[in-house]
Amino acid sequence: MHKKLFLPEKVCPICKRPFAWRKKWRNNWEAVIYCSKACRGKARACDQEAETNG
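Residue numbering for the sequence shown follows full-length UniProt numbering, beginning at 1 and increasing consecutively.
Hints listed in this document are in silico derivations from the structure and should not be mistaken for laboratory results. Keep in mind that the hints are not guaranteed to be accurate.
[Claimed, not checked] With a cut-off of at most 30 Å between alpha-carbon atoms, the simulated DSBU-like pairs for lysine-lysine come out as follows:
| # | residue 1 | residue 2 |
| --- | --- | --- |
| 1 | K42 | K4 |
| 2 | K4 | K24 |
| 3 | K37 | K3 |
| 4 | K16 | K42 |
| 5 | K10 | K37 |
| 6 | K10 | K24 |
| 7 | K37 | K23 |
| 8 | K10 | K42 |
| 9 | K42 | K23 |
| 10 | K37 | K24 |
| 11 | K42 | K24 |
| 12 | K3 | K24 |
| 13 | K23 | K3 |
| 14 | K10 | K23 |
| 15 | K16 | K3 |
| 16 | K16 | K4 |
| 17 | K37 | K4 |
| 18 | K37 | K16 |
| 19 | K23 | K4 |
As the structure is a prediction and not an experimental result, all values here were calculated from the model.
All chains should be modelled from the sequences, with the hints used to inform the complete structure.
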């Protein structure tokens with residue numbers, strides 16, 4: 001029997017892909033927004049563009 005079939009999932013707002021709970025996120029799963037560092041970087045780049053174009 002697989003233990004990882006019923007892990008909670010979220011959808012990344014940048015790439016729109018689902019990502020599952022990981023053990024390293026066990027203490028702050030509620031605060032996890034992005035699936036990867038790459039998506040987090042893209043989000044920051046978008047925020048900085050919005051500020052400069054204001």
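Structure-based check of all given hints:
{"no.": "1", "hint": "K42 - K4", "verdict": "holds, 29 Å"}
{"no.": "2", "hint": "K4 - K24", "verdict": "holds, 15 Å"}
{"no.": "3", "hint": "K37 - K3", "verdict": "holds, 26 Å"}
{"no.": "4", "hint": "K16 - K42", "verdict": "holds, 13 Å"}
{"no.": "5", "hint": "K10 - K37", "verdict": "holds, 16 Å"}
{"no.": "6", "hint": "K10 - K24", "verdict": "holds, 15 Å"}
{"no.": "7", "hint": "K37 - K23", "verdict": "holds, 17 Å"}
{"no.": "8", "hint": "K10 - K42", "verdict": "holds, 18 Å"}
{"no.": "9", "hint": "K42 - K23", "verdict": "holds, 24 Å"}
{"no.": "10", "hint": "K37 - K24", "verdict": "holds, 14 Å"}
{"no.": "11", "hint": "K42 - K24", "verdict": "holds, 22 Å"}
{"no.": "12", "hint": "K3 - K24", "verdict": "holds, 17 Å"}
{"no.": "13", "hint": "K23 - K3", "verdict": "holds, 13 Å"}
{"no.": "14", "hint": "K10 - K23", "verdict": "holds, 15 Å"}
{"no.": "15", "hint": "K16 - K3", "verdict": "holds, 25 Å"}
{"no.": "16", "hint": "K16 - K4", "verdict": "holds, 21 Å"}
{"no.": "17", "hint": "K37 - K4", "verdict": "holds, 23 Å"}
{"no.": "18", "hint": "K37 - K16", "verdict": "holds, 15 Å"}
{"no.": "19", "hint": "K23 - K4", "verdict": "holds, 11 Å"}
In the structure shown, no violation is registered for any of the earlier numbered hints.
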